[in-house]
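Make a model of the complete structure from these sequences and hints.
From first to last, the protein sequence lines stand for chains E and G.
Residue numbering for the first sequence follows my numbering, starting at 25 and increasing by one per position.
Residue numbering for the second sequence follows my numbering, starting at 25 and increasing by one per position.
Careful: at least some of the hints might be erroneous.
It does not matter which identical chain is meant; a pair holds if it fits inside one copy or across any two.
Unchecked claim - 27 Å max Cα-Cα, derived DSS-like pairs, lysine-lysine:
hint, residue 1, residue 2
1, Lys43, Lys316
2, Lys78, Lys327
3, Lys97, Lys119
4, Lys43, Lys97
5, Lys78, Lys43
6, Lys242, Lys119
7, Lys242, Lys43
8, Lys97, Lys141
9, Lys141, Lys45
10, Lys141, Lys78
11, Lys258, Lys45
12, Lys141, Lys43
13, Lys97, Lys327
14, Lys43, Lys387
15, Lys45, Lys78
16, Lys316, Lys387
17, Lys119, Lys316
18, Lys119, Lys258
19, Lys43, Lys119
Treat the hints as calculated values from the structure; they're not laboratory data.
Number of protein chains: 2
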Amino acid sequence: MLTPRAEDFPRWYQDLIAKAKLADNGPVRGTMVIRPAGYAIWERMQAEMDARIKAAGAENAYFPLFIPESYLKREAEHVEGFSPELAVVTHGGGKQLAEPVVVRPTSETVIGEFMAKWVDSYRDLPLLLNQWANVVRWELRPRVFLRTSEFLWQEGHTAHATREDARAYARKILHEAYEDLMVNVLGIPVVVGLKTARERFAGATATYTCEGMMGDGKALQLGTSHELGQNFAKAFDISYSSAEGGREHAWTTSWGTSTRMLGGLIMAHGDDNGLRVPPRLAPIQAYVMVVKDGEGVGEAATKLCDALRDAGVRVALDDRTDTAFGRRAVDAELRGYPVRVEVGPRDLAAGNAVVVRRTDGSKAPTPVADVVGAVLAALDADQRALHDQALAFRQSRTTDVATLAEAIEAAATGWARVPWSAVGVAGEAEANGQGVTVRCL
Amino acid sequence: MLTPRAEDFPRWYQDLIAKAKLADNGPVRGTMVIRPAGYAIWERMQAEMDARIKAAGAENAYFPLFIPESYLKREAEHVEGFSPELAVVTHGGGKQLAEPVVVRPTSETVIGEFMAKWVDSYRDLPLLLNQWANVVRWELRPRVFLRTSEFLWQEGHTAHATREDARAYARKILHEAYEDLMVNVLGIPVVVGLKTARERFAGATATYTCEGMMGDGKALQLGTSHELGQNFAKAFDISYSSAEGGREHAWTTSWGTSTRMLGGLIMAHGDDNGLRVPPRLAPIQAYVMVVKDGEGVGEAATKLCDALRDAGVRVALDDRTDTAFGRRAVDAELRGYPVRVEVGPRDLAAGNAVVVRRTDGSKAPTPVADVVGAVLAALDADQRALHDQALAFRQSRTTDVATLAEAIEAAATGWARVPWSAVGVAGEAEANGQGVTVRCL
Ligand SMILES: [Zn+2]
Ligand SMILES: [Zn+2]
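Below is the structure:
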C-alpha cells in the first residue's frame, strides 16, 4: 500500500514512483533511471510535443553536450545563473584538457554560436530550431522527475528579425504547444502567464510560464518560454543584413519542457491507489486481464484485444494467470491504466466482461459485444473527467485576496490571486522569505 | 561543386556534409552539430529501428549519463578497452567531487547494476531493455558521423537465463533489426558475421557485426551485437533463482547502432552530385518545385503536393521563385531527395510536369494526372535500384583469394574473401600492421 496522500504527500509521491516501477535513483547523487513504465509515458509526451513543435514550424537538430567554459561567460546574467549548477569535465582521452568544458545546463550559448554562422540575411530568418536532449544541473536537494541533476527535455531556440516576431513566436509555443498539450493531453488545467523579474530565466527579458496545481495545493512549473531580447544575439553576434541593407542584431527566444512533466502528471492526477494516466496520453489505454483460466477465457480476451486494437485503442493483454488476480489488479491500479477489461469464467458464462474505469473505480459488467463501445466511451469521458477534477480542485484551492499578508496565509493550502500592486518587488522578497513564491502574473 | 569522389574520397565526404548542410564540427574538438537536414534522416532511422526493436520485445528506458568510475573497473577487459577514451567529470555544483564520474562511453556497467536489482527470479527473465542516448568516447582523429567524441545511438541490454537464449537474442537483433533495416531501408547490402577475438567488444565473448562497403571499396561497421557471456552478470551480480530453486548468474547481451549510419549512408550511396537517400528512408521523398511563376503554376504545384501526400508520400513544396531555379535544383540534388517534380509554365501549358529521379538523373515529362502514379513507381523502383547498385559494386570489389598476401593486395581496392585457416591470429596481426583488418568471419 502507498502512504496516503493526506498523511505525507512527498512520501506518497516517492512510494508511487517506486511501486509503479516508474523510476529509480541513479548511482551518482541526483541522477535517475527512468524505467520502462515511466519511459513509455515520456515517449508519448515526446510524440505529442514533437508534433506540436513541428506544426509550429521548428525543425529538430542536435548540438553538442560539451560546451567550452568560455561560451557561458559571454552573457553575464546567464553565467551567473548557471555557474553554481555546472558539471565540469577536466580530463578527456587520458589527458587534462587545455580548457575545461561544461556539460550543457541548457544550450543558448552553443546554439547562439551556430546561429551566428548560419544567419546572414533577413531571408534566413526566422530560424526555428528544437532539440531533444539531456542536460545537467547539479542538484543539492534532488527529487525524482522534479529536480534531478540530469534530466531529459526539449529545448527550442529561435532567431527573428524583430522583437515583435520573437515575442509572437515565444507566445505561440507557449499556447499552441505547451498549454495545448498540458490541458488537452495531460489533463492539467495550467495557468499561463508572465514570471516576475525575480523568477525570470537567466539572460531573458521576459519569461512565460505554465503553472499546474498539484494534489497538495502547491504549484509546479511545467514549461517556460523566454524572450531573450538581443542579449544572446549581441553576445554571439547573431546578426543579419536587412532588406534595407543595414546590419541588425537578431532577436532570440528559447523554450523548454522536460521529464518534470512526469512528476507533474503523477502529482496532479494520482490518488491513494496510484497513478491515473489520462487516456490521450496513456501508452496502454485498455488493459485486458484474464481473471483466471477457464473454458474459452483466454480466447475471448485475445479477441477483445484484437477488436480494441482495430478500433484504434492502445491495448495490452495480461494473461499471467500464475500470478494472483488481486495482485495484478492492484498493480494495474498503481500503473494507472485508464480502463481494465476483466475477462473471467463466471462473467463470460453470462456473456459478459467487466469494464473497470480507473478514474472513478466503477465496475460495469458489459456484454462482450459491447465492450469496444464501452471502452471508447470511457476513454473519452475520463479524459475530460480528469481535467475537470483537477480544475475543480484548483478552483477550490485558489483564493482571491487583496493584501500580501492574506496571500501568504492562503498559500499555506493552495494558491492566492492577488493584485501585483499589493505585492511589488519588496513584497515578493518578503513572501520568498516565508517560502511563498509569485508564480505567474 | 563537390570534389569528385575519384579525386579525393574523404574530401568529397566532407564537402558533401558541408554543402548539403547535414552537420558541422562542434566547438569542442571531435564533437558535432547535426543540422536539421541531417537530423531529419536520423529521426527516420530512429523510427524504423525503434519499431524493429519493440517488435523484438525490448522496452525503452533511460539510464544516467554519469557513471561512477568504480563501476567501469569491475569488468577488467571493459575498463581496459574504454579507459583511453573516457571524459571525466571532477567538479559538480561548484565543488570537487569525492569520486570522479565518467561520462558514459556505453552503459553495460550502470545497466548491469540495475539489472541486478530488478532480476530476482527466472520469471523476471528475459529482461529486454533499450535506450536512445548520447555517449562520449574521446577521439583523436575525429570525422563527422564516423568517429566523433560524442555520438547518438541506441544501446540494447538484455539478460537471459541461459547462454542459448542470450545467443539467440543477440542474433535476432542482428538479423531482424539491424540487417533488415540496413538492407531494406538504408539499401546497404551488409555482410553479417562474427568479429575475430582481436576485434571483439571489450568484455564480450562474441561480437557479431554488420559491415557495409562504402564507395571507396572500404568497409564500415554499421552495427554490432554482443554476447557478453556471464562477464557482466558476475561483475554486477545479476543472478536469479531458477525454477529448480538454485541461484544462477544470468547471461547478458548488448547491441548498438549509431549516427555512424548517417556516414555509411552518405558513403554507400552518394555520387559526385551529392547524397542519394533511399526512398523508404527519405524524410522528403518527393520535392515539388515551382520552376518559375506563371499562370496557375503555384496552384498546380500545391495540388500535386496534396495529391502526393494523400497517396502517402512524404512531400515538400519549394516555391522560392526569388531564388534561381538552377541553384535550387543543384541544392535538391545535393540533399538527395529521391524524386523531384518540376512544375513550370511551359510544361504546364502542355499539361505536364517533369518527374526527375535522383538515382539515375532521368527526367520524364509526365501528364499532371499521372504524376502521383509515376512518383510511386519511381520510389518503389529506386529503393531497389540503390540497393542493387551497391550490391553490384560490392561484388565487383570483392575477390576470393587463398592466401594472406593476396588478401592484403586485394584490400587495397576492395574486400578479400579468404579462408580463416589461411590467416589465423598471427596473420591477422600482420595484416593489421599493413592497415588491413579482418572485418567479419
Ligand atoms: Zn492560451
Ligand atoms: Zn540475416
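How the hints compare with the structure:
With identical chains, the CA atoms of Lys43 and Lys316 are at most 27 Å apart within one copy only, with a shortest distance of 24 Å there and 63 Å across copies. In this homomeric assembly, Lys78 and Lys327 come within 27 Å of each other (Cα to Cα) only across copies, at 22 Å, whereas the closest approach inside a single copy is 37 Å. Taking the shortest alpha-carbon separations for Lys97 and Lys119, both the intra-copy value of 24 Å and the inter-copy value of 19 Å come in at or below 27 Å. Taking identical chains as interchangeable, the C-alpha atoms of Lys43 and Lys97 are never at most 27 Å apart, the minima being 43 Å within one chain and 32 Å between chains.
Taking the closest pair of Cα atoms, Lys78 and Lys43 come within 27 Å of each other only across two copies (24 Å); inside a single copy the shortest separation is 36 Å, beyond that limit. In the homo-oligomer, the alpha carbons of Lys242 and Lys119 never lie at most 27 Å apart, since the shortest distance is 47 Å inside one protomer and 32 Å across protomers. Taking the closest pair of Cα atoms, Lys242 and Lys43 come within 27 Å of each other only inside a single copy of the chain (24 Å); across copies the shortest separation is 51 Å, beyond that limit. For a Cα distance limit of 27 Å, the shortest separation of Lys97 from Lys141 inside one copy, 19 Å, qualifies, whereas the shortest one across copies, 42 Å, does not.
In this assembly of identical chains, Lys141 and Lys45 lie within 27 Å of each other by CA distance solely across copies; the values are 12 Å between and 45 Å within a copy. For the homomeric pair Lys141 and Lys78, the shortest alpha-carbon distance inside one copy (23 Å) is at most 27 Å, but the shortest distance between copies (39 Å) is not. Taking CA atoms no more than 27 Å apart as the test, Lys258 paired with Lys45 passes between copies only; the shortest distance there is 25 Å, against 46 Å inside one copy. Taking CA atoms no more than 27 Å apart as the test, Lys141 paired with Lys43 passes between copies only; the shortest distance there is 14 Å, against 49 Å inside one copy.
In this assembly of identical chains, Lys97 and Lys327 lie within 27 Å of each other by CA distance neither inside one copy nor across copies; the values are 62 Å within and 51 Å between. Taking the closest pair of Cα atoms, Lys43 and Lys387 come within 27 Å of each other only inside a single copy of the chain (24 Å); across copies the shortest separation is 62 Å, beyond that limit. Taking CA atoms no more than 27 Å apart as the test, Lys45 paired with Lys78 passes between copies only; the shortest distance there is 19 Å, against 32 Å inside one copy. In this assembly of identical chains, Lys316 and Lys387 lie within 27 Å of each other by CA distance solely inside one copy; the values are 18 Å within and 64 Å between copies.
Taking CA atoms no more than 27 Å apart as the test, Lys119 paired with Lys316 passes in neither setting, with 62 Å inside one copy and 57 Å between copies. Neither within a single protomer nor between protomers do Lys119 and Lys258 lie at most 27 Å apart by alpha-carbon distance, with minima of 34 Å and 31 Å respectively. When the C-alpha separation of Lys43 and Lys119 is checked against a cutoff of 27 Å, the pair qualifies neither within a copy, at 43 Å, nor between copies, at 34 Å.
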